[in-house]
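Using the sequences and the hints, build the whole thing.
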Amino acid sequence: MKVLVIAEHDNTHLKAQTLPVLTAALRLTSRADVLVIGHRCEAVAEAAAGLDGVARVRKVDAQHYEHFLAENLAMVVAQMAAAYTHVFLPASAFGKNLGPRVAAMLDVAQISEIIDIVDAETFVRPTYAGNVLETVRSSDPLKLVTVRPAAFAPVAKATGMAPIEDAPAGPDMGVSRWVGNDLPQNARPELATARVVVAGGRGLGSHDAYHRLLEPLADCLGAALGATRAAVDANYIPNDYQVGQTGKAVAPDVYIAVGISGAIQHVAGMRDAKLIVAINKDPDAPIFKVADVGLVGDLHEILPQLTDALRR
Amino acid sequence: MKILVPVKRVVDYQLRVRIREDGRGVDADGLKMSMNPFDEIALEEAIRLREAGIARELVAVSCGLGACQETLRTALAMGADRAVLIETDVQLQPLGVAKLLKWLALREAPQLVLMGKQAIDDDACQTAQMLAAMLGWPQATFASKLLMGAETATVTREIDGGLETLELSLPAVISTDLRLNEPRYASLPNVMKARRAVIEVLPAEELGVDLTSRLSILQVAAPAPRAAGQRVSSVEALAQCVRTKLAEAPGGAT
Ligand SMILES: Cc1cc2nc3c(=O)[nH]c(=O)nc-3n(C[C@H](O)[C@H](O)[C@H](O)COP(=O)(O)OP(=O)(O)OC[C@H]3O[C@@H](n4cnc5c(N)ncnc54)[C@H](O)[C@@H]3O)c2cc1C
Ligand SMILES: Nc1ncnc2c1ncn2[C@@H]1O[C@H](COP(=O)(O)O)[C@@H](O)[C@H]1O
Numbered sequence: 000m001k002v003l004v005i006a007e008h009d010n011t012h013l014k015a016q017t018l019p020v021l022t023a024a025l026r027l028t029s030r031a032d033v034l035v036i037g038h039r040c041e042a043v044a045e046a047a048a049g050l051d052g053v054a055r056v057r058k059v060d061a062q063h064y065e066h067f068l069a070e071n072l073a074m075v076v077a078q079m080a081a082a083y084t085h086v087f088l089p090a091s092a093f094g095k096n097l098g099p100r101v102a103a104m105l106d107v108a109q110i111s112e113i114i115d116i117v118d119a120e121t122f123v124r125p126t127y128a129g130n131v132l133e134t135v136r137s138s139d140p141l142k143l144v145t146v147r148p149a150a151f152a153p154v155a156k157a158t159g160m161a162p163i164e165d166a167p168a169g170p171d172m173g174v175s176r177w178v179g180n181d182l183p184q185n186a187r188p189e190l191a192t193a194r195v196v197v198a199g200g201r202g203l204g205s206h207d208a209y210h211r212l213l214e215p216l217a218d219c220l221g222a223a224l225g226a227t228r229a230a231v232d233a234n235y236i237p238n239d240y241q242v243g244q245t246g247k248a249v250a251p252d253v254y255i256a257v258g259i260s261g262a263i264q265h266v267a268g269m270r271d272a273k274l275i276v277a278i279n280k281d282p283d284a285p286i287f288k289v290a291d292v293g294l295v296g297d298l299h300e301i302l303p304q305l306t307d308a309l310r311r
Numbered sequence: 000m001k002i003l004v005p006v007k008r009v010v011d012y013q014l015r016v017r018i019r020e021d022g023r024g025v026d027a028d029g030l031k032m033s034m035n036p037f038d039e040i041a042l043e044e045a046i047r048l049r050e051a052g053i054a055r056e057l058v059a060v061s062c063g064l065g066a067c068q069e070t071l072r073t074a075l076a077m078g079a080d081r082a083v084l085i086e087t088d089v090q091l092q093p094l095g096v097a098k099l100l101k102w103l104a105l106r107e108a109p110q111l112v113l114m115g116k117q118a119i120d121d122d123a124c125q126t127a128q129m130l131a132a133m134l135g136w137p138q139a140t141f142a143s144k145l146l147m148g149a150e151t152a153t154v155t156r157e158i159d160g161g162l163e164t165l166e167l168s169l170p171a172v173i174s175t176d177l178r179l180n181e182p183r184y185a186s187l188p189n190v191m192k193a194r195r196a197v198i199e200v201l202p203a204e205e206l207g208v209d210l211t212s213r214l215s216i217l218q219v220a221a222p223a224p225r226a227a228g229q230r231v232s233s234v235e236a237l238a239q240c241v242r243t244k245l246a247e248a249p250g251g252a253t
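Protein sequence lines correspond, in order, to chains A and V.
First residue of the first sequence? That's 0 in numbering that gives the first Met the number 0, and the numbers climb one at a time after it.
First residue of the second sequence? That's 0 in numbering that gives the first Met the number 0, and the numbers climb one at a time after it.
These are computed hints drawn from the structure, not numbers from a lab.
Backbone N, C-alpha and C define an ideal beta-carbon position, used for all residues, glycine too.
Don't take every hint at face value.
In silico lysine to aspartate or glutamate, DMTMM-like type, Cα no more than 20 Å apart, as pairs [to be verified]: (1) Lys1/A x Asp181/A; (2) Lys244/V x Asp118/A; (3) Lys273/A x Asp115/A; (4) Lys156/A x Asp291/A; (5) Lys144/V x Asp232/A; (6) Lys192/V x Asp80/V; (7) Lys273/A x Glu247/V; (8) Lys1/V x Asp80/V; (9) Lys1/V x Glu150/V; (10) Lys1/A x Asp139/A; (11) Lys144/V x Glu181/V; (12) Lys244/V x Asp291/A; (13) Lys31/V x Asp120/V; (14) Lys1/A x Glu120/A; (15) Lys144/V x Asp181/A; (16) Lys280/A x Asp291/A; (17) Lys144/V x Glu166/V; (18) Lys280/A x Glu300/A; (19) Lys280/A x Glu235/V; (20) Lys1/V x Glu107/V; (21) Lys244/V x Asp307/A; (22) Lys244/V x Asp218/A.
Reference listing, derived: stretches of chain A covered by chain V, where coverage requires no fewer than 3 residues with Cβ under 8 Å from a Cβ of chain V [unchecked claim]: (23) 24-34; (24) 88-97.
Have a look at this one:
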């Protein structure tokens with residue numbers, strides 16, 4: 000097996016979701032290659048070279064990769080893929096955007112968002128909002144796979160460093176242009192790989208209550224914040240905090256669901272948490288069907304008390 | 000300009016499918032089928048562009064069984080001008096759908112293909128990107144805002160960490176996220192009118208498109224059910240459960 004892992008990064012830092020993808024790759028081979036495409040991304044290549052199980056890092060550095068435009072990146076990956084049996088990407092916004100473009104260029108199917116590997120051709124992936132797990136076998140010569148980061152543990156750091164090799168850049172397709180982005184600072188752990196997630200729903204009632212009640216709790220647990228679509232739609236918090244079928248999938252040790260009803264689309268993203276705690280004033284809320292521990296009551300009273308109790 | 004809007008017929012988002020007893024697939028018999036919610040959003044956006052005088056013609060297309068005509072009638076009732084069914088009994092996968100859509104895009108020559116980011120049955124999130132690659136067109140996935148210029152589309156995308164804005168030269172493929180707009184309901188007179196509309200039906204087998212499946216489904220199963228939970232009656236008991244879990248998990252308490 001020759002596996003190529005596509006690194007996700009911001010030209011300075013390797014993103015945490017790359018680490019579980021490498022773990023998944025190492026289920027098929029003892030050492031995988033990592034591809035870093037970007038601009039002035041030396042530090043990223045070095046971070047990747049220091050991970051366990053990395054055979055070598057292939058670095059493609061050019062200005063037209065600075066903003067990771069799919070049209071440009073796909074050219075590089077599709078060209079390089081010929082030497083591999085598998086290409087793995089994170090099932091993040093980055094990987095979901097890029098993977099299928101590469102797959103189509105190579106005329107192979109993509110296997111989306113795998114949560115388990117049966118063998119080199121056979122993978123398990125959720126469909127129907129996580130209510131159905133499909134075991135699929137690919138007959139394509141190249142398996143192009145996106146990996147759900149929450150489903151695999153992050154790979155450890157290695158003692159040594161893998162070699163870093165420069166590879167030639169592809170063309171600038173010139174059909175799309177990066178205009179700008181709006182990425183609010185977030186000092187908390189990455190939602191997709193956090194150990195503890197404190198998530199709020201429409202039950203919080205306002206932007207102010209969401210932050211006033213959930214942030215102190217998240218602070219004392221070192222937790223990431225999460226939200227339902229309803230909370231995002233009500234502008235309590237930006238879109239990338241959404242957990243669920245169409246948001247992020249998480250599998251933390253502890254997931255605290257506050258003022259969340261438990262719609263299937265939300266549960267799809269958190270049902271693999273090890274401990275689910277629910278706080279809801281409605282004793283019949285569906286969230287209690289998936290929660291390990293439930294407390295019925297008003298979140299406005301419960302949350303300050305819970306934060307106090309956990310601080311002690 | 001002309002906009003092509005692919006719409007998929009899926010099990011209604013409020014319903015749960017059953018797993019077949021032989022474990023080889025799901026059973027959607029008798030369940031209400033609807034237009035994929037993200038495709039409704041794509042169609043709504045296209046209708047708004049026509050209302051703003053930017054788009055001239057909206058063509059809805061669906062690939063699959065004859066029953067997809069229902070979905071296309073919903074599209075017509077919402078406001079599509081024309082509808083095309085690419086009919087086949089073959090169990091389609093995103094790669095095959097993208098090839099069929101490419102065929103139609105070459106015939107129709109739209110400036111824009113507006114489609115859903117993800118079908119809520121296969122949860123694949125592939126077809127738009129594949130179609131863009133096959134046509135050699137630029138792509139913008141997960142759009143939450145769209146501004147059309149004469150030769151470009153400026154798209155705000157939902158990405159990890161926040162938002163990103165791209166400018167694409169046309170023609171282009173754009174996939175929609177939930178926050179792009181809120182789709183309208185079709186009015187009753189429009190629903191009645193759509194019932195009588197003519198839908199163009201193209202047999203997929205006659206288009207010379209390779210639909211062989213690359214992925215075979217060996218098994219489908221329900222995820223392991225979660226063990227019955229407990230209700231606690233005090234905040235202290237709740238806090239204790241959290242502490243215990245954090246202490247036993249590798250990595251220790253935070
Ligand atoms: C195609 C599609 C995709 C979707 N994808 C997602 C997704 O990825 N993620 C997602 O989350 N949703 C998604 N949704 C939306 C989903 O169906 C639900 O509408 C949403 O999850 C509901 O959010 P909520 O639980 O915050 O709100 P609600 O359902 O309104 O629940 C609020 C809860 O708060 C409780 N509450 C109110 N006040 C208090 C109080 N004072 N104290 C304690 N409890 C209180 C109420 O009892 C209630 O249970 C999707 C929907 C569609 C159609
Ligand atoms: N059979 C189909 N007919 C028409 N459009 C489709 C079909 N399958 C997928 N699509 C389009 O592709 C989008 C993404 O689907 P998927 O890649 O399957 O998640 C959907 O939201 C539709 O816009």
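These are the hints, each one checked on the structure:
1. The straight-line distance between the Cα atoms of lysine 1/A and aspartate 181/A is roughly 37 Å, outside the 20 Å bound, and the hint therefore fails.
2. This hinted pair does not check out: lysine 244/V and aspartate 118/A have alpha carbons roughly 32 Å apart, beyond 20 Å.
3. Between lysine 273/A and aspartate 115/A the CA atoms are separated by roughly 17 Å; this keeps the pair inside 20 Å, and the hint holds.
4. Annotation: proposed proximity of lysine 156/A to aspartate 291/A is violated, straight-line Cα distance about 33 Å (limit 20 Å).
5. Pair hint lysine 144/V plus aspartate 232/A holds up; C-alpha atoms about 14 Å apart against a cutoff of 20 Å.
6. Only pairs whose Cα atoms come within 20 Å are accepted, and lysine 192/V paired with aspartate 80/V is accepted, the gap being roughly 12 Å.
7. Using a Cα cut-off of 20 Å, the hinted pair lysine 273/A and glutamate 247/V holds, with the two alpha carbons roughly 11 Å apart.
8. Between lysine 1/V and aspartate 80/V the CA atoms are separated by roughly 10 Å; this keeps the pair inside 20 Å, and the hint holds.
9. Annotation: proposed proximity of lysine 1/V to glutamate 150/V holds, straight-line Cα distance about 13 Å (limit 20 Å).
10. The hinted pair formed by lysine 1/A and aspartate 139/A meets the criterion: a straight-line CA distance of about 15 Å does not exceed 20 Å.
11. Taking the CA atoms of lysine 144/V and glutamate 181/V, the gap is about 12 Å. The hint holds against a cut of 20 Å.
12. Distance hint between lysine 244/V and aspartate 291/A is fulfilled; the C-alpha atoms sit about 11 Å from each other, no more than 20 Å.
13. A distance of roughly 13 Å separates the Cα atoms of lysine 31/V and aspartate 120/V; the hinted pair therefore holds under the 20 Å criterion.
14. Under the criterion of a C-alpha separation no larger than 20 Å, the hint pairing lysine 1/A with glutamate 120/A is consistent with the structure, at around 13 Å.
15. At roughly 13 Å between alpha-carbon atoms, lysine 144/V and aspartate 181/A fall within 20 Å of each other, so this suggested pair holds.
16. Distance check on the hinted pair: lysine 280/A and aspartate 291/A sit about 16 Å apart at the alpha-carbon level, within 20 Å; holds.
17. Using a Cα cut-off of 20 Å, the hinted pair lysine 144/V and glutamate 166/V holds, with the two alpha carbons roughly 12 Å apart.
18. For the hint pairing lysine 280/A with glutamate 300/A, the CA-to-CA distance comes to about 11 Å; that is within 20 Å, so the pair holds.
19. Our distance criterion of 20 Å between C-alpha atoms is met by lysine 280/A and glutamate 235/V, whose separation comes to about 17 Å.
20. Restraint check for lysine 1/V and glutamate 107/V: the C-alpha separation of about 8 Å stays at or below 20 Å, so the hint holds.
21. For a cut-off of 20 Å, the pair hint linking lysine 244/V to aspartate 307/A stands: about 18 Å separates their Cα positions.
22. The straight-line distance between the Cα atoms of lysine 244/V and aspartate 218/A is roughly 18 Å, inside the 20 Å bound, and the hint therefore holds.
23. Given a C-beta distance limit of less than 8 Å, the hint that chain V covers the stretch 24-34 of chain A is violated, as 0 residues qualify and 3 are needed.
24. Look at the stretch 88-97 of chain A against chain V: 6 of its residues bring a Cβ nearer than 8 Å to a Cβ of that chain, three or more, so the hint holds.
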